[in-house]
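S.K.: Two chains, each in its own frame: build the complex with the hints.
Residue numbers (the working numbering), protein chains in the order written: chain F, 1 to 155; chain H, 1 to 109.
There could be a bad hint or two in this list.
[Said to hold, decoys possible] Which residues of chain H face chain F? A few of them, derived with a C-beta cut under 7 angstroms, are: (1) Asn9; (2) Glu16; (3) Thr19; (4) Ser36.
[What the hints assert, rightly or not] Computed far set for chain H versus chain F, every beta-carbon distance over 10 angstroms: (5) Leu10; (6) Gly54; (7) Ile67; (8) Gly68; (9) Asp69; (10) Gly72; (11) Arg84; (12) Gly88; (13) Phe97; (14) Arg98; (15) Leu107.
Hints are computed from structural coordinates only; laboratory data are not their basis. The C-beta atom is built at its ideal place from N, Cα and C for all residues, glycine as well.
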Amino acid sequence: MTVAPALLPHLEPHPQWKARCLQVMGNTQVKDGQYRSAVKLLATATRLFLESGHQSEAAWYRSRAATSHRALGECDQAEVLLDKSRTAYSEMGNEFEAAKCRSDLGNLMREKRQFGASIQYSSTARQTFDTLGKTFYAAQCSASMGATYIRWGKP
Amino acid sequence: MLRIFAGGNLEAAAIELETARVAFVALGNRHQIAQSTRFLGNVRRLQGAFELSGQLLGEAEALYKEIGDEHGLAACALAFGYLRNNQGRRELSIASFRSARDIFGTLKM
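If we strip away everything but chain H, and leave its shape as in the complex, we get (with noise of 0.2 angstroms):
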């Protein structure tokens, strides 16, 4: 597996979110389901694993929709920008982070 950033042992990472969504999809939390969904797909990307990256922030994103989460859905926005810009697909790069920014703008924080 391509490993495109240096730093941070991804595959340790990988191993531990795993780990952590397992657990929380037999607990059913949603919430912690996303969150956990997101990160490793974070790590795919880091990892050069895009299609399977985009295929977790997908799933997260989805659960946020779902939830209501909106600073969760933020997040999935910002994390589609840095996939798509390391795919090379710069228009669809830029629209997610503007999608990031304006979501984020309309929270309190």
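Isolated chain F (complex conformation) (with noise of 0.2 angstroms):
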């Protein structure tokens, strides 16, 4: 983190580092506690990796901001971002990523008391997390809609 900043300068001509050092300084802020200034961070790194071709480090950047986004409340925002990383992993056939957005949303929606969104989401995130062997993934993913099957109808 003290490196990083200083480093900044001298990669201009090279986005992807620039992106990379970038995504170091925002999940120092991540663990930190400082989410704004990660959300910042991280959404320029996703924008370099996007411009030098780094579809996939794009992806896992954005569920990064997603998450701090989710830390201050923002739901709507972290929604947004994990739906285009969901989106960009599918394309990529990157369907365990892909889940795991799921399984995220699935958190979110319950988080937004959008009850029947979030049993959906978890339900496919589980499906494949299943068809790929990832037993711990997807027994999370119950876990998840039992939690939201707790809270759905509840006043």
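M.R.: Right, here's the structure in full:
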């Protein structure tokens, strides 16, 4: 973190390395609970990854930014980013990461009290995890659905 | 089964939590077993199955002790507080709530 900002000016001609530098700074901000600045850094990193053709890394850092938005209580922004990541992963054929996004979206929808959507996301994610033999992730989806059903219909 | 609280699809919740618990047992993930067992204990309480709820919460508590999860222990004490209150055991309920408060008080949150 102490070195990364000093490196930035030297990395201008290399967007993907500048993006990696920014993501290191963004991750540190997340660990420190500085979510607002983390969101900004990760958004810039994502843009640079996209511009330099690194779709997978862009999708990853978009989902990290979604976590920060969620921590800030900005569920709508988090939803938009997670949905973009999910779409990107699906297009890349990375069904495991796409399912992780769906799983996160399931938790997010529960927070937004959109219980039907929450169950749908979690259930679809669980099916994918089951197919891929990712038992732990599938079980987490079941637990998440349990939590959603408890709240569903409660005033 | 008596349903004492309105709202929440409790039987569907129980099915999912039991599915999760069985999977976590197969994986040997004690933290997640404890979590899903505690949640299931809460659901059974909400359904009015107090004895089963107490049994599940006891299992979760034992697991949290094994793995040294203080937050889990506090959450269990809280759940026992609600259970004993529902059972009309006020003294025990208050003792559980106090225990939960004391443990939560020692945690950095």
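S.K.: Against each hint, give a clear statement of whether it holds in the structure.
M.R.: Hint-by-hint comparison with the structure:
| no. | hint | result |
| --- | --- | --- |
| 1 | Asn9 | 4 angstroms, holds |
| 2 | Glu16 | 4 angstroms, holds |
| 3 | Thr19 | 4 angstroms, holds |
| 4 | Ser36 | 5 angstroms, holds |
| 5 | Leu10 | 7 angstroms, violated |
| 6 | Gly54 | 18 angstroms, holds |
| 7 | Ile67 | 17 angstroms, holds |
| 8 | Gly68 | 21 angstroms, holds |
| 9 | Asp69 | 16 angstroms, holds |
| 10 | Gly72 | 14 angstroms, holds |
| 11 | Arg84 | 20 angstroms, holds |
| 12 | Gly88 | 23 angstroms, holds |
| 13 | Phe97 | 21 angstroms, holds |
| 14 | Arg98 | 26 angstroms, holds |
| 15 | Leu107 | 17 angstroms, holds |
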